[in-house]
Amino acid sequence: MSNTHVFRVDNLVSGYENKTIIHGIDLEIPRNKISVIIGANGCGKSTLLKTMAKLIKPTEGDVTLNGKAINKYPPKQLARILGLLPQSPVVPEGITVADLVGRGRFPHQSLFSGWSKKDYEAVEEAMEFMNIKEFADLDIDELSGGQRQRVWIAMALAQQTDILFLDEPTTFLDITYQVEILDLLTNLNRKFGTTIVMVLHDINLSARYADHIFAVKSGKLVAEGKPTDVLTADLVKTVFDLNCVVIPDPISDTPLIIPKGRYHVKDESATL
Amino acid sequence: MIRLKNSSSNSKKKQLDIHAPKHFSLILVIGLILLLVTVFASLVLGARVVSFQELMDGLFYQNQDSYGANVVQKRISRTVFSLCCGVALGIAGVLMQSVTRNPLADPSILGVNTGASLFVIIGITFFHINTAGQYIWLALIGAAITAVFVFGIGSMGRGGATPIKLVLAGAATSAALSSLVTAIMIPSTYAMDQFRFWQVGSVGSGSWDSIAIFIPFLVTGVIIALVSAPALNALALGDDVATGLGVRPGMLRFFAICAGVVLCGVTTALAGPIGFIGLLATHAMRLVIGPDLRFLIPMSALAGAIILTFSDVVGRLIGSPGELEVGIITAFIGAPILILLAKRSKVRSL
Ligand SMILES: Nc1ncnc2c1ncn2[C@@H]1O[C@H](COP(=O)(O)OP(=O)(O)OP(=O)(O)O)[C@@H](O)[C@H]1O
Ligand SMILES: [Mg+2]
Numbered sequence: 001m002s003n004t005h006v007f008r009v010d011n012l013v014s015g016y017e018n019k020t021i022i023h024g025i026d027l028e029i030p031r032n033k034i035s036v037i038i039g040a041n042g043c044g045k046s047t048l049l050k051t052m053a054k055l056i057k058p059t060e061g062d063v064t065l066n067g068k069a070i071n072k073y074p075p076k077q078l079a080r081i082l083g084l085l086p087q088s089p090v091v092p093e094g095i096t097v098a099d100l101v102g103r104g105r106f107p108h109q110s111l112f113s114g115w116s117k118k119d120y121e122a123v124e125e126a127m128e129f130m131n132i133k134e135f136a137d138l139d140i141d142e143l144s145g146g147q148r149q150r151v152w153i154a155m156a157l158a159q160q161t162d163i164l165f166l167d168e169p170t171t172f173l174d175i176t177y178q179v180e181i182l183d184l185l186t187n188l189n190r191k192f193g194t195t196i197v198m199v200l201h202d203i204n205l206s207a208r209y210a211d212h213i214f215a216v217k218s219g220k221l222v223a224e225g226k227p228t229d230v231l232t233a234d235l236v237k238t239v240f241d242l243n244c245v246v247i248p249d250p251i252s253d254t255p256l257i258i259p260k261g262r263y264h265v266k267d268e269s270a271t272l
Numbered sequence: 001m002i003r004l005k006n007s008s009s010n011s012k013k014k015q016l017d018i019h020a021p022k023h024f025s026l027i028l029v030i031g032l033i034l035l036l037v038t039v040f041a042s043l044v045l046g047a048r049v050v051s052f053q054e055l056m057d058g059l060f061y062q063n064q065d066s067y068g069a070n071v072v073q074k075r076i077s078r079t080v081f082s083l084c085c086g087v088a089l090g091i092a093g094v095l096m097q098s099v100t101r102n103p104l105a106d107p108s109i110l111g112v113n114t115g116a117s118l119f120v121i122i123g124i125t126f127f128h129i130n131t132a133g134q135y136i137w138l139a140l141i142g143a144a145i146t147a148v149f150v151f152g153i154g155s156m157g158r159g160g161a162t163p164i165k166l167v168l169a170g171a172a173t174s175a176a177l178s179s180l181v182t183a184i185m186i187p188s189t190y191a192m193d194q195f196r197f198w199q200v201g202s203v204g205s206g207s208w209d210s211i212a213i214f215i216p217f218l219v220t221g222v223i224i225a226l227v228s229a230p231a232l233n234a235l236a237l238g239d240d241v242a243t244g245l246g247v248r249p250g251m252l253r254f255f256a257i258c259a260g261v262v263l264c265g266v267t268t269a270l271a272g273p274i275g276f277i278g279l280l281a282t283h284a285m286r287l288v289i290g291p292d293l294r295f296l297i298p299m300s301a302l303a304g305a306i307i308l309t310f311s312d313v314v315g316r317l318i319g320s321p322g323e324l325e326v327g328i329i330t331a332f333i334g335a336p337i338l339i340l341l342a343k344r345s346k347v348r349s350l
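Protein chains in written order, with UniProt numbering: chain S, 1 to 272; chain D, 1 to 350.
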């Protein structure tokens, strides 16, 4: 399965109140692919993602889906195509897993339709997909961080959108959960052709799991392309201001960034 | 687009869980029974306890000249009125709590009650207004202006109308308006007398006339509340997630607050400010059925009606041969129960 949505950002300028964060970004999201936005803390990754998801109104430029500005779509119609998981969503206490996942069905329900068979199926499938069916009746507060994150992603899956934006879906998770979440998202992408755009902080996992990388620095797009082409020592120096050595990942053959600090270098008097 | 292969046999049970809170039908039945019992008590009990025969006479308009039948008929309108007030306050409470995402929000928290009071006292003092039909418009205007004002202040600065800013703006406004109310009232003995009774909150004056004024507002408010329940469910996940799900948070807040203001303003106009019902009804129900607003809104309405009517009966019994206004009773019943609720860790923050 695949989708044919064209999602473009042209000459985008956006930010908060009178503070401009994104200074003119142009990009087109590769269809049916996993894209990862990388960049230093505070460089504007979340702001970019939020502007692309209509949470922030651009001050200049356009965000378009299939040639039409996203704010021209009726909100629910857009929400059936484009889903979003923000960086740190609010968990209402006392809500059960099934209830939370079910709330992802909102854009598919009309005023009087209530819950259809399709809604139940979508919720059940999303929970199955994220392996959380056994928690269905538990309160969210009874879950661990990793389980909770799976619930949130399941909510986004229940929305059944062709495009999915996720802001740091792996923060606060241990390495095992990080890999598991990324595997599950890859499953989703391979099985249904879902176009995924996410912000990740682990550059090596990004290199491994991304089909396409967007590198952002100070609100500008400084590089994009396949990880193998883009992730060089130079780029890491530009984007993160970090010296490093890039070697092939023994598992995936993608670039593996080995950071170089001031200490614990074999010859500390050497290159700095 | 996502397809499930093995729909297991217990999937039916899971479906029910998503749809309705656990034991929902049982809770609903218990609620309805309590409602019936309360209504029955409200018709029968009071300064004069009526007999079964008198109750029947009153209900079915026989033996019109018997004193008992008359008492019952007065109590019928009073009971219906108090049910209306309870429903209105219960729903206004859930709406305010959802919109501000503050579990302790009551209509009074946005200063809406006080704004309504201020306009009524101005009407009484300076324009010698004294009928319910006039109170209602003053109270509504006062409630609406206050809500707009509080919303305006609460939306200033970063991030728009955040829950915390709304609550702070409401508390400050409420305090300022209360002192205005007192300042206007004190020099005028006429206003004092008129206002004193109204200010406590009482359903004793509930007549078919006031019910007739009440109904259109009540129906409008209830419909808006029920229709916006699914969207409010999404809003509970935060403005960002809600927007991602296709909700317009600003517009939704506006409509929900309007409905809350109308419900609470009209109740305040007709019965005077009655506190705690919104808070109490919603919290009690949230503990039992959870946070899903599609169920919480109607159940809070039911709980509000029961609690208010029950409080009125208690007021009549305690105050006999006169009566204690229901506003005093709800404060007495409400405060300790609220403290109890707050102490139990299971009280949900939103
Ligand atoms: N709500 C807000 N109001 C005003 N400024 C904000 C707001 N959110 C973020 N900013 C500012 O915008 C800049 C970019 O923030 P953004 O959240 O986009 O960074 P980020 O790249 O996602 O960082 P991180 O990796 O830490 O998540 C920061 O300087 C931040 O201080
Ligand atoms: Mg961020």
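These are calculated hints, taken from the structure and not from any lab test. Mixed in with the good hints there might be a few duds.
Claimed, not checked - Here are the simulated DSSO-like pairs of lysine-lysine, each with C-alpha atoms no more than 27 angstroms apart in a straight line:
| id | chain 1 | residue 1 | chain 2 | residue 2 |
| --- | --- | --- | --- | --- |
| 1 | D | 165 | S | 118 |
| 2 | D | 22 | S | 117 |
| 3 | S | 57 | D | 74 |
| 4 | D | 22 | S | 133 |
| 5 | S | 220 | S | 76 |
| 6 | S | 220 | S | 57 |
| 7 | S | 260 | S | 217 |
| 8 | S | 19 | D | 165 |
To be verified - Stretches of chain S that chain D covers, calculated by requiring three or more beta carbons in the stretch to come under 8 angstroms of a beta carbon on chain D:
| id | segment |
| --- | --- |
| 9 | 105-114 |
| 10 | 226-236 |
Don't be surprised by glycine CBs; every beta carbon is placed ideally from N, CA and C.
Against the structure, the hints:
Proximity of residue 165/D to residue 118/S is assessed by CA-CA distance (about 40 angstroms); at most 27 angstroms being required, the pair is judged violated. At roughly 20 angstroms between alpha-carbon atoms, residue 22/D and residue 117/S fall within 27 angstroms of each other, so this suggested pair holds. Restraint check for residue 57/S and residue 74/D: not satisfied, since their Cα atoms lie roughly 58 angstroms apart, outside the 27 angstroms limit. Taking the CA atoms of residue 22/D and residue 133/S, the gap is about 17 angstroms. The hint holds against a cut of 27 angstroms.
This hinted pair does not check out: residue 220/S and residue 76/S have alpha carbons roughly 30 angstroms apart, beyond 27 angstroms. For the hint linking residue 220/S to residue 57/S, the alpha-carbon distance of about 18 angstroms falls within 27 angstroms, and the restraint holds. A hinted pair counts as satisfied when its Cα atoms are at most 27 angstroms apart, and residue 260/S with residue 217/S qualifies at roughly 20 angstroms. Restraint check for residue 19/S and residue 165/D: the C-alpha separation of about 22 angstroms stays at or below 27 angstroms, so the hint holds.
Chain D is given as covering the segment 105-114 of chain S, and this holds because 4 residues of the stretch bring a CB closer than 8 angstroms to a CB of that chain, at least three being needed. Counting residues of the segment 226-236 of chain S whose C-beta lies closer than 8 angstroms to any C-beta of chain D gives 0; at least three are required, and the coverage claim is violated.
In summary, the numbered hints that this structure violates are 1, 3, 5, 10.
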